[in-house]
Amino acid sequence: MSTLALIFEKSTPGKRAVTFPACDVPEVDPSAVIPAELLRQKPAELPEVSEIEAVRHFTQLSRRNHGVDVDFYPLGSCTMKYNPKVNEEAARLPGIALAHPQQPVETVQGNLKLLHTLEGWLCEVTGMDRMTFQPAAGAHGELTGILIIKAYHESRKDTDRRKVIVPDSAHGTNPATAAMAGFDVVSIPSKHDGSVDLDALRAVVGPDTAALMMTNPSTLGIFDPHVKDVAEIVHAAGGLVYYDGANMNAIMGYARPGDMGFDVVHLNLHKTFSTPHGGGGPGSGPVGVKQFLAPFLPVPVVELAGDKYLLDWERPLSIGKMMGFYGNFGVVARAFAYTLAYGPELKEVSEYAVLNANYIQAHLRKYYDLAVDRYCMHECVISAKTLKHEVGVKTLDIAKRLLDEGIHPPTIYFPMIVEEAMMIEPTETEDKATLDRFIASMVQIYKEAKEDPERVKSAPHLTVVGRLDEALAARKPNLRFKKDL
Amino acid sequence: MSTLALIFEKSTPGKRAVTFPACDVPEVDPSAVIPAELLRQKPAELPEVSEIEAVRHFTQLSRRNHGVDVDFYPLGSCTMKYNPKVNEEAARLPGIALAHPQQPVETVQGNLKLLHTLEGWLCEVTGMDRMTFQPAAGAHGELTGILIIKAYHESRKDTDRRKVIVPDSAHGTNPATAAMAGFDVVSIPSKHDGSVDLDALRAVVGPDTAALMMTNPSTLGIFDPHVKDVAEIVHAAGGLVYYDGANMNAIMGYARPGDMGFDVVHLNLHKTFSTPHGGGGPGSGPVGVKQFLAPFLPVPVVELAGDKYLLDWERPLSIGKMMGFYGNFGVVARAFAYTLAYGPELKEVSEYAVLNANYIQAHLRKYYDLAVDRYCMHECVISAKTLKHEVGVKTLDIAKRLLDEGIHPPTIYFPMIVEEAMMIEPTETEDKATLDRFIASMVQIYKEAKEDPERVKSAPHLTVVGRLDEALAARKPNLRFKKDL
Amino acid sequence: MRYIPITQADKAAMLRDIGVSSTQELFAANIPADVRLNRPLNLPPALSEMEILATMSDLTRQNVTLADYTCFLGAGAYDHYIPAAVDAFVRRGEFLTAYTPYQPEISQGVLQVIYEYQSLVCELTGMDLSNASMYDGGSAMAEAAGMVVQQTGRKKVVVASSVHPNWRRVVKTYMHGIGVEVIEAPLVNCELDLNKLETLVTDEVAGVIVQMPNFLGHIEQVRTIEKMAHAKGALFVVAADPISLAVLEAPGNYGADIVVMEGQSLGNAVSYGGPWLGIIATRDKFSRRIPGRIVGATLDNRGQRAFVLTLQTREQHIRREKATSNICSNQALNALAATVYMTLVGKEGLREVANLSLQKAHYAATQIQKLPGYKIACKSSFFKEFTINCPKPAEEINRMLLQKGILGGYASSPDYPLLPNAMTIAVTEKRTKAQIDQLVAALGEVK
Amino acid sequence: MRYIPITQADKAAMLRDIGVSSTQELFAANIPADVRLNRPLNLPPALSEMEILATMSDLTRQNVTLADYTCFLGAGAYDHYIPAAVDAFVRRGEFLTAYTPYQPEISQGVLQVIYEYQSLVCELTGMDLSNASMYDGGSAMAEAAGMVVQQTGRKKVVVASSVHPNWRRVVKTYMHGIGVEVIEAPLVNCELDLNKLETLVTDEVAGVIVQMPNFLGHIEQVRTIEKMAHAKGALFVVAADPISLAVLEAPGNYGADIVVMEGQSLGNAVSYGGPWLGIIATRDKFSRRIPGRIVGATLDNRGQRAFVLTLQTREQHIRREKATSNICSNQALNALAATVYMTLVGKEGLREVANLSLQKAHYAATQIQKLPGYKIACKSSFFKEFTINCPKPAEEINRMLLQKGILGGYASSPDYPLLPNAMTIAVTEKRTKAQIDQLVAALGEVK
Ligand SMILES: Cc1ncc(COP(=O)(O)O)c(C=O)c1O
Ligand SMILES: Cc1ncc(COP(=O)(O)O)c(C=O)c1O
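Chains as they are written, first to last, in this note's numbering: chain X, 18 to 502; chain V, 18 to 502; chain E, 51 to 497; chain H, 51 to 497.
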């Protein structure tokens with residue numbers, strides 16, 4: 018029962034689900050209009066199933082999956098907050114779902130206004146001047162932002178700036194982005210609380226510094242006390258500062274990257290602005306910039322001229338395009354709905370996100386090690402270091418045992434600078450009862466680890482499949498179904 | 018984990034999910050406009066939960082439920098066929114979901130046309146002349162039909178007809194309907210194959226006969242070979258004949274109640290015409306009549322006058338109304354979509370429904386007793402009589418053991434005239450692989466019953482709850498949550 | 051062959067196993083030749099999914115809808131807001147495609163929903179028990195009439211003329227079947243005439259049925275009526291608007307024996323009249339008389355709380371002609387919608403909906419009152435709906451309003467000829483001040 | 051406070067446990083005073099759910115949509131039919147609200163869907179492996195350009211000018227970052243000029259990128275181009291239309307090293323440009339170069355087949371600056387939609403969609419050809435999209451078509467100035483003969 022056949026394995030020749038009408042125009046023979054050597058010889062082996070089989074297949078698959086809608090999902094750094102159902106309806110409004118991206122601007126004024134309005138709102142939240150919604154995700158926003166910085170330096174003929182400084186506590190996308198934009202990555206050690214080591218920073222900045230990328234609050238859930246100094250040091254050296262706003266859920270209404278001196282920031286709408294993660298995406302990673310960087314934004318830029326919105330393509334300094342059209346518009350529309358739901362009360366989102374994280378930290382610190390012993394922001398990082406040394410139960414084992422409780426484990430083994438890390442981000446949408454249940458489970462696992470470590474190490478016990486052989490998966494990659502011939 | 022708290026048990030004072038805007042008109046004090054003694058004193062104790070809690074609650078509940086979308090559901094007499102997803106979209110078209118029933122007819126021409134058109138189509142399928150969509154379900158259609166018959170006799174001042182004849186193999190709704198319409202029910206024994214015993218019928222018909230209600234194919238899945246004689250015998254006595262069309266899935270395009278001489282028929286759109294059962298409803302039980310009964314149909318009747326549709330309320334002989342408006346319109350719209358999908362090929366629906374039932378019967382007859390040893394129509398009735406006598410394993414036990422296979426059991430202990438009955442209706446939407454899996458499960462259970470009867474008798478083993486204490490439920494009724502005070 | 055997954059190869063194998071050479075044989079063995087249909091069904095050719103949607107959307111596009119028009123029409127169907135999460139659960143395949151939970155072990159989802167629904171209905175109405183749902187408000191009222199007749203053995207029921215005209219029709223249709231006389235109690239203005247009522251409620255009367263607020267939107271003197279009914283041994287049946295029960299007293303607290311309601315307002319789309327939700331609730335002492343499915347809590351053989359259909363000996367599948375009703379399929383999915391709705395709005399939200407509706411209705415009434423030629427038809431209290439006399443027939447005014455994108459109120463004079471040029475206007479929480487002002491302005495333009 | 055379930059009582063208890071008297075303290079302990087925002091955010095006041103939907107529907111109601119207009123616009127987004135069951139699964143909470151399946155034991159649903167998606171992509175393209183998705187077709191092409199550069203170590207890529215103008219922009223933007231020169235190969239009429247191409251593809255070129263059918267709808271000589279590319283050690287990147295692959299040869303069968311596609315047509319709404327689906331597939335030999343998530347089959351400790359994220363050492367969270375790409379979140383839900391779409395239409399249905407599109411496009415072309423003043427811009431073959439020269443600028447004609455409820459084709463002269471008054475028209479299976487005839491009639495009225 019536990020293995021569910023692949024849809025290909027359920028295929029039977031001749032079965033049909035959705036069919037299409039007969040052709041109502043005079044037909045041509047495809048081989049009369051397409052050169053023979055370019056006609057498909059062997060059809061793609063798509064499955065042949067009935068509609069009921071398809072529906073049962075995907076229904077059953079969905080029942081083998083956890084989601085925020087099912088239960089708690091405190092995956093650190095991912096802000097797995099509740100995804101409001103009204104946003105799903107909003108994104109399916111005909112004006113949104115059924116507008117074609119190549120329509121003349123006169124026919125999509127509503128959508129342009131939506132983009133322009135949300136741009137203003139998110140600039141207010143971040144303290145920036147202009148924003149583009151073109152990036153499809155956080156990493157994509159990073160690349161956009163770093164390319165903007167590159168274009169800026171180039172526009173000034175300041176072309177020796179080949180280095181981007183990235184603290185070692187940063188998310189992997191930061192260094193990967195800098196590399197993708199053609200920069201050399203300079204990794205600097207973070208302080209133990211994840212904040213930027215100013216001395217280390219001073220030691221590396223210089224005329225070759227293009228930018229520094231900073232995550233604040235850091236991946237340890239701590240707001241950098243010297244964030245302004247960081248910006249100043251880099252600025253003083255002629256570099257720009259990039260703010261990874263993935264952790265914006267901690268500070269909305271309390272502090273703004275723009276006010277901290279940052280030149281570029283990206284937001285993750287699929288985190289802070291509640292759009293659903295969809296099993297991995299789609300996201301949206303809008304990038305905000307200060308005015309002096311606006312000329313470099315990707316084209317087109319939505320502008321208001323009189324009472325008409327238009328798409329401005331004539332931006333000679335623009336970095337170009339990051340995506341085919343205007344970004345993940347349907348995701349942006351959901352974030353628009355979310356912003357409407359809060360208005361200035363977005364501040365309370367952050368207030369409660371921080372409250373919830375500290376509440377968990379206050380309780381779990383009695384059992385687990387803290388990465389940093391101080392009040393955290395929207396997430397706390399704890400560690401099973403001691404437990405591992407004492408009884409051999411690792412963070413991975415704890416995570417797997419949580420699965421038996423129906424709870425998605427925290428992010429584990431990240432940030433890398435913390436041994437046996439568990440990064441817990443409850444978000445503001447969880448209530449005390451859920452937090453208490455999570456805390457109780459974590460305490461229970463702690464106790465079990467001491468009393469019956471094998472039980473924890475052999476977890477999960479109640480899931481539809483047990484621990485997987487990941488080594489086998491990598492050693493003998495089986496990445497697709499192929500029909501036996 | 019297995020008990021899921023009630024939503025009331027999750028309630029916390031002050032929690033909110035959906036909120037409403039502030040009042041934008043000058044406010045009055047409700048106590049100034051409503052008499053004090055009619056103002057609510059203590060608010061209803063509705064739950065106080067957040068939206069995420071509500072969403073998780075109902076998501077988790079749904080995951081504790083079987084449905085056609087999950088797996089096989091051969092519940093006899095209920096025609097649990099696949100419910101096409103496109104019908105769900107159709108029913109949500111604004112013109113359908115967002116039309117108000119009190120709108121002037123000029124503003125709902127599309128919906129009136131839909132009703133009028135489907136009426137014509139279903140008359141063609143059943144061989145009737147007019148049809149009403151007002152009944153909300155099969156039983157409601159029965160009541161409508163029997164009241165029409167009553168009104169007919171009354172209109173002829175033929176008021177001594179106080180009896181309705183119902184074979185004992187009939188669904189419980191038939192006798193209950195006759196009683197609800199104020200008739201005395203005369204139950205006649207069916208022949209062992211569920212068909213009407215003509216001698217028994219002749220013995221009871223007479224000048225007091227208002228009607229006979231007949232299900233054909235019978236609840237044993239057998240088409241009555243003398244159906245025409247039945248109608249003639251009753252007609253000869255001055256009674257009318259009512260056709261319970263719940264089993265229409267067996268005969269579409271092959272035979273029509275109208276052609277068999279029936280005066281009134283109801284269909285179950287939630288069976289034959291694929292509308293979803295919704296955990297118990299809503300259904301739709303349109304009633305078709307021969308022309309001479311049309312004056313008695315419930316008001317209003319949709320008529321076409323020139324190129325305009327209208328609602329005709331001026332029908333002095335009408336029985337009146339069965340529901341507030343025009344029936345379960347959204348369900349009717351789904352059936353409209355379904356009929357569009359098949360057109361004349363509805364005949365294939367019945368062809369394959371019958372094929373599938375016979376296929377199951379052909380295999381299971383080797384292990385279980387057959388209620389009737391002949392080819393069946395859309396469902397087959399088997400029995401665990403022998404097994405029970407041999408090893409004490411009852412139909413109930415077999416049903417419970419099937420739950421462990423993820424399959425919904427057949428209808429059990431119905432029809433009542435068959436000992437240890439299992440009424441299996443696979444429908445045409447199941448494929449051979451699914452039927453084979455069901456057959457294999459039934460064979461396996463048969464073998465297990467012989468080898469390890471206790472295992473079967475103690476089933477289910479893999480469900481989220483075990484067998485329930487139904488006696489306790491009835492003895493100490495606990496029918497609602499009540500907050501401890 | 052859109053939803054038939056048997057391939058020709060499968061079919062051949064299956065026929066072989068059955069032992070016939072064609073499905074024709076199976077039909078021939080069953081259906082006598084003289085009733086066989088020997089021609090194809092005369093139906094339009096089968097369409098693909100894409101064509102079905104296109105056809106139906108073209109067909110229904112001509113309808114005026116609440117998406118595009120501002121609705122002040124009530125009269126039994128109300129444009130209350132439906133939270134987005136409601137439909138998310140109505141769509142869940144496990145709820146949508148299940149049937150009556152005959153097998154409780156794999157139906158705990160539906161069963162617990164119904165149990166919660168029953169509990170919510172009891173909370174709302176102040177009654178002891180509810181069933182799992184009826185077809186709609188009108189048929190629920192008719193079943194309640196049947197209950198009072200069965201309970202008292204009397205053969206008359208009194209129904210207020212201020213009850214929804216269609217519901218009265220349903221009651222009469224049902225009662226005619228069992229030979230019960232339905233007496234309509236007349237009104238003064240928009241309310242029951244209590245003097246006349248008193249004379250009608252004799253000790254032959256099984257029950258008195260009122261609607262609260264009534265069809266014209268106004269409030270009945272239910273406490274007085276209750277006493278009249280009970281004084282003669284008649285039962286008291288109240289049809290309530292579920293939304294109103296956040297503001298108006300629960301019928302259980304003024305002596306109702308049975309409460310019926312139309313649950314459309316609780317998260318169900320107007321959908322041109324259905325599928326909606328018939329609600330029925332009563333006292334413990336009538337628990338063996340209530341029609342339909344009921345879910346109860348019990349224990350499983352592992353000692354866990356679990357839910358199951360119970361008290362089934364009332365029902366047709368056990369008791370046949372002696373059943374309390376013939377109802378079998380009900381409106382479970384609509385009850386689910388109502389359960390999700392009541393959960394989402396919660397205790398406070400329902401009050402907000404009710405209060406906003408009340409406030410906006412009163413604002414509208416006040417503004418209309420100021421217009422020359424218009425007046426509120428009755429002095430009595432109302433909740434979210436009220437009746438006005440207009441300078442012209444309401445049908446005529448409505449045609450003009452339609453031009454302005456407004457669906458006007460219900461033209462109630464045909465049902466209540468004593469009220470000239472009457473229009474019954476409903477105002478829900480969805481209506482904004484601006485929309486009300488537009489209505490008022492448009493009405494003011496009528497000359 | 052719409053989605054915050056902490057009551058004031060809970061908050062007080064939590065603060066107590068934390069040991070602070072207010073949340074203010076938590077913030078004060080973290081955020082230095084000099085960067086604190088000391089005023090409320092200047093945003094419009096919070097709205098209720100009901101107002102949110104009303105606001106957004108008012109806002110977007112002014113847009114022209116494919117629900118109301120007949121669409122002949124393509125140019126990168128296509129009005130193919132989306133079966134109803136697709137959205138039913140996109141809405142399932144377990145798919146919608148999960149994230150990347152880091153914990154495979156409770157994520158087998160998403161993992162198996164991705165594995166099936168990868169398999170489907172391989173079937174469609176004739177390639178060996180696919181990842182779990184990219185952002186869109188344009189960024190997938192840019193990532194492919196990055197792959198060929200990494201693989202060959204060369205610093206130039208040749209891109210056909212017949213590639214979607216926006217995609218070319220994306221490629222240039224990405225390549226600029228890593229200092230790679232992008233050379234645009236010119237056209238003759240609507241196709242690549244193969245003579246010129248031959249001179250451009252030198253042994254300094256990392257890859258040749260073409261689109262098939264190209265942006266103007268026409269077919270490229272891919273077999274010849276493949277030889278040119280490989281002859282110089284350059285890799286061959288093909289951007290295909292997934293629907294076309296039911297009629298046109300799989301790029302895997304004519305030597306493509308990497309295939310990229312925009313998966314919008316496979317069950318994703320046009321949605322003003324996104325979220326859509328970037329598809330990338332390649333050969334086994336490049337499996338360590340492909341960006342993004344990949345799912346593989348393995349066994350669990352009970353011996354069952356199960357699925358897991360694999361080959362992660364390519365990825366940013368392990369390899370950081372040495373990763374194949376920075377991609378982290380992808381378009382998994384759109385890949386789910388594509389998986390459900392391909393399952394529902396199946397082998398034969400995809401052929402039907404492709405064939406109907408082809409037939410209708412050719413019918414439209416034939417009819418337009420007959421109109422005075424119009425001609426097909428190029429002689430070469432096309433699939434569902436083609437380019438015509440009009441008697442007037444396409445923008446002007448489109449304004450007229452809009453009046454008649456028609457969204458005309460893409461005005462392609464601004465991008466291809468050598469094609470005068472050019473309009474690129476897309477015709478999908480959704481267009482009926484009647485609609486095409488209407489378009490033709492309307493075009494005929496242009497003078
Ligand atoms: C701190 C941080 N930065 C960047 C990212 C990348 O965002 P995305 O996955 O949307 O590309 C993440 C995502 O997990 C993150 O946590
Ligand atoms: C033969 C038969 N008649 C009537 C009915 C009653 O139909 P409904 O449940 O729609 O009232 C059923 C339903 O199960 C049935 O099987």
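Hint data in this document are derived by calculation from the structure and do not stem from the laboratory.
Just so it is clear, CB atoms sit at the ideal spot from N, CA and C, and this is done for glycine as well.
Some hints here could point you the wrong way.
What the hints assert, rightly or not - Below are the DSS-like pairs computed for lysine-lysine, each with C-alpha atoms no more than 30 Å apart in a straight line:
1) Lys420(H) with Lys59(X)
2) Lys59(X) with Lys27(X)
3) Lys483(E) with Lys420(E)
4) Lys449(V) with Lys483(E)
Stated by the list, open to error - Chain X is nowhere near these chain E residues, computed Cβ spacing over 10 Å in every case:
5) Ala59
6) Asn88
7) Pro133
8) Asp137
9) Ala138
10) Leu250
11) Glu254
12) Ile456
13) Ser463
14) Leu468
Do the hints match the structure? See the list:
With a C-alpha separation of about 35 Å, the suggested pair Lys420(H) and Lys59(X) falls outside the 30 Å cut-off, and the hint is violated. Restraint check: the Cα-Cα separation between Lys59(X) and Lys27(X) comes to about 20 Å, which is no more than 30 Å; the hinted pair holds. Proximity of Lys483(E) to Lys420(E) is assessed by CA-CA distance (about 16 Å); at most 30 Å being required, the pair is judged to hold. In summary, the hint linking Lys449(V) to Lys483(E) is not supported, as the alpha carbons are separated by about 60 Å, beyond the 30 Å threshold.
For Ala59(E), the shortest C-beta to C-beta distance to chain X comes to about 7 Å, within the 10 Å cut-off, and the non-interface label is violated. Every CB of chain X lies more than 10 Å from the CB of Asn88(E), the least distance being 27 Å, so the non-interface label holds. Taking the minimum C-beta to C-beta distance to chain X, about 7 Å, the non-interface status of Pro133(E) is violated against the 10 Å cut. Asp137(E), annotated as away from the interface, has a beta carbon of chain X within 10 Å; the closest lies near 8 Å.
With a least CB separation of 5 Å from chain X, Ala138(E) falls inside the 10 Å interface cut-off, contrary to its annotation. Interface exclusion of Leu250(E) from chain X stands, the closest Cβ pair being 49 Å apart, more than 10 Å. With a least beta-carbon separation of about 53 Å from chain X, Glu254(E) lies farther than 10 Å from that chain, consistent with its non-interface assignment. For Ile456(E), the condition that its CB be more than 10 Å from all CB atoms of chain X holds, with the nearest at approximately 22 Å.
Remark: the non-interface label on Ser463(E) is consistent with the geometry, its nearest Cβ contact in chain X lying 39 Å away (cut-off 10 Å). With a closest Cβ-Cβ approach of about 45 Å to chain X, Leu468(E) is found to remain outside the 10 Å limit, as its non-interface label requires.
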